[in-house]
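**Student:** Once you've looked at the hints, dock chain B against the given chain A.
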Amino acid sequence: MKRESTLKFISKRIALLVAFMAVYLLLALGGNAAHAEGGEFKGLEISPASNRIELGNGEVYTGEMSVKNSTDADMNVEMSVGSYSIEDSNYGSPNYDSPSKYSVIKDWIQLDKNEFVLSPDESTVVRYTINTPANPPAGMQFATIFASTTPSEELEGSGIVATSRIGMVVSVLMKDGETIEQASIQNEKIDGYQPTSPLKASFAIKNEGNVGVDVSYSMTVKSAINGTEVYKSNTDSNSVYPESTRNFTVNWDQVGIGFYNVELNITLNGKNHTVKKLVCTVPIWIIILIIIAILSLVAYAVINYRMRQEAKGSKSKKTTKKSSKK
Amino acid sequence: MKKSALLAVSALSLGVVGLATFTPVVNAATTASGNASVTVTVGSAIGIGGETVEEGGTNNSIDMTEYNVNFNTVTAGNVAAEQPVTVVTTNNTGTPGTLYISAADTNLKSGGDTIPAGTNIAEGTSAWAYKVDDGAFQAVTTSQVQIDTDSGSGTNQTALKFGLSTANDQATGQYNGSVTYTYTVQ
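Line order of the protein sequences matches chains A and B.
For the first sequence, the residue numbers in the numbering used here are 1 to 326.
For the second sequence, the residue numbers in the numbering used here are 1 to 186.
So that you can see chain A by itself, here it is in the shape it has in the complex (with noise of 0.2 Å):
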């Protein structure tokens, strides 16, 4: 009986130490590791960011954009007309120099400055004039109108000269050709089981039209147990270029432990279409200590049973020894 307490004792201590430990280590890995503030940005700046226009067979458009200087030191700025294709699916290294079938207009557009110097927060307007020849190929067609600019400080010894562009993409469709409006969905995947951060969904969407299209999509993540929404992503958007297929994936880093209905939201030019999944992020060791706490509880009421069956074996028997010298 002695032993038994004490070994009672020695297993409400080990679990209390084990608790703080859990406890220490959740909030250790759970916390937020100290960061950088970011403050006033200073650099090159343009605007906008991308312009999509519709234009006709021998059309002329002239658009504007506005080139910053947000530094405190005088910048030299080069402006450059580029082209921007995908080749072979590769979004991670699109080509903005050399033109392709969709980029030709990279040699219909004039720039009316290309060199000029901006002092501290000085802007300029750069114009630029898009020519349309009478037959333009059908569909959409792409161009980047770049500004760039590279630290005049010599180098003191052996090193590397870094130039920094930022690029406008312009997107035309050529309206009085062809269009091909032709994309889809496609490899949609939210995994059943993941057990270790992020969570993730992914899709592809395949554009087998000339014209680029629009996808934007997000993740929303609600428990599976009482049906709150824990998390909704931001709703990004991007544009899929024609004859090309391009990936997204959705991540939440600070998923916890437990059971979520995950809904992937995808809008497709307009039309919007929904993936839903009941997703297990409890990790395996988590799943292996429930399993021997079960069996724990299981053989610990088999022993128990067995022992007062037995107990009540040797009662009754005494019982009937007793009995019998009566």
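Source of the hints: derived by calculation from the structure; they are not laboratory data.
Mixed in with the good hints there might be a few duds.
Quick look at which bits of chain B chain A covers, simulated, 3 or more residues with Cβ under 8 Å [to be verified]:
#1 45 to 52
#2 65 to 73
#3 92 to 103
#4 138 to 151
#5 154 to 164
Ideal placement from N, C-alpha and C gives every residue a C-beta, glycine not left out.
**Tutor:** Structure of chain B alone, referenced to chain A:
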């Protein structure tokens, strides 16, 4: 004794599971309420440059001029100290922006002598490379290579480190090259 041990194991398991499971989940969604009605038209804008950053109560400025990489003097057969560069971008479009790196010529040159782009930054090897955060060294290429994406709002910092090493028979000279950071929203 057996019973107590089983109870202890069961209690421990359930305790740990309970603690882990019922830890409050951080709710990343924020809500706001109010009756104000304001209409503001803000043009979409993006930028590349620097920013003032507060670190531990101190204002540190990230300057565009620091985008250049100075390896200073490196003796033959050695590895230069890694040179950090932080590229800052800003974006208010709501569409994620992407930052790329490329080089028109991937060699560092000193007259007719070169140090080629390569990932093997080691004593006795002639190579230069960059890495994002503390990842592996990458050789810069003439085509664009994506090095970061942002959320589509606010500023974003991309931490790079440049490395260089020289061969034992590297000719003396000042070796220079160039890289281009390109930032667009598509």
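**Student:** Confirm or reject each hint.
**Tutor:** Tested hints:
no. : hint       : in the structure
1   : 45 to 52   : holds (count 8)
2   : 65 to 73   : holds (count 8)
3   : 92 to 103  : holds (count 6)
4   : 138 to 151 : holds (count 5)
5   : 154 to 164 : holds (count 5)
Checked against the numbered hints above, the structure breaks none of them.
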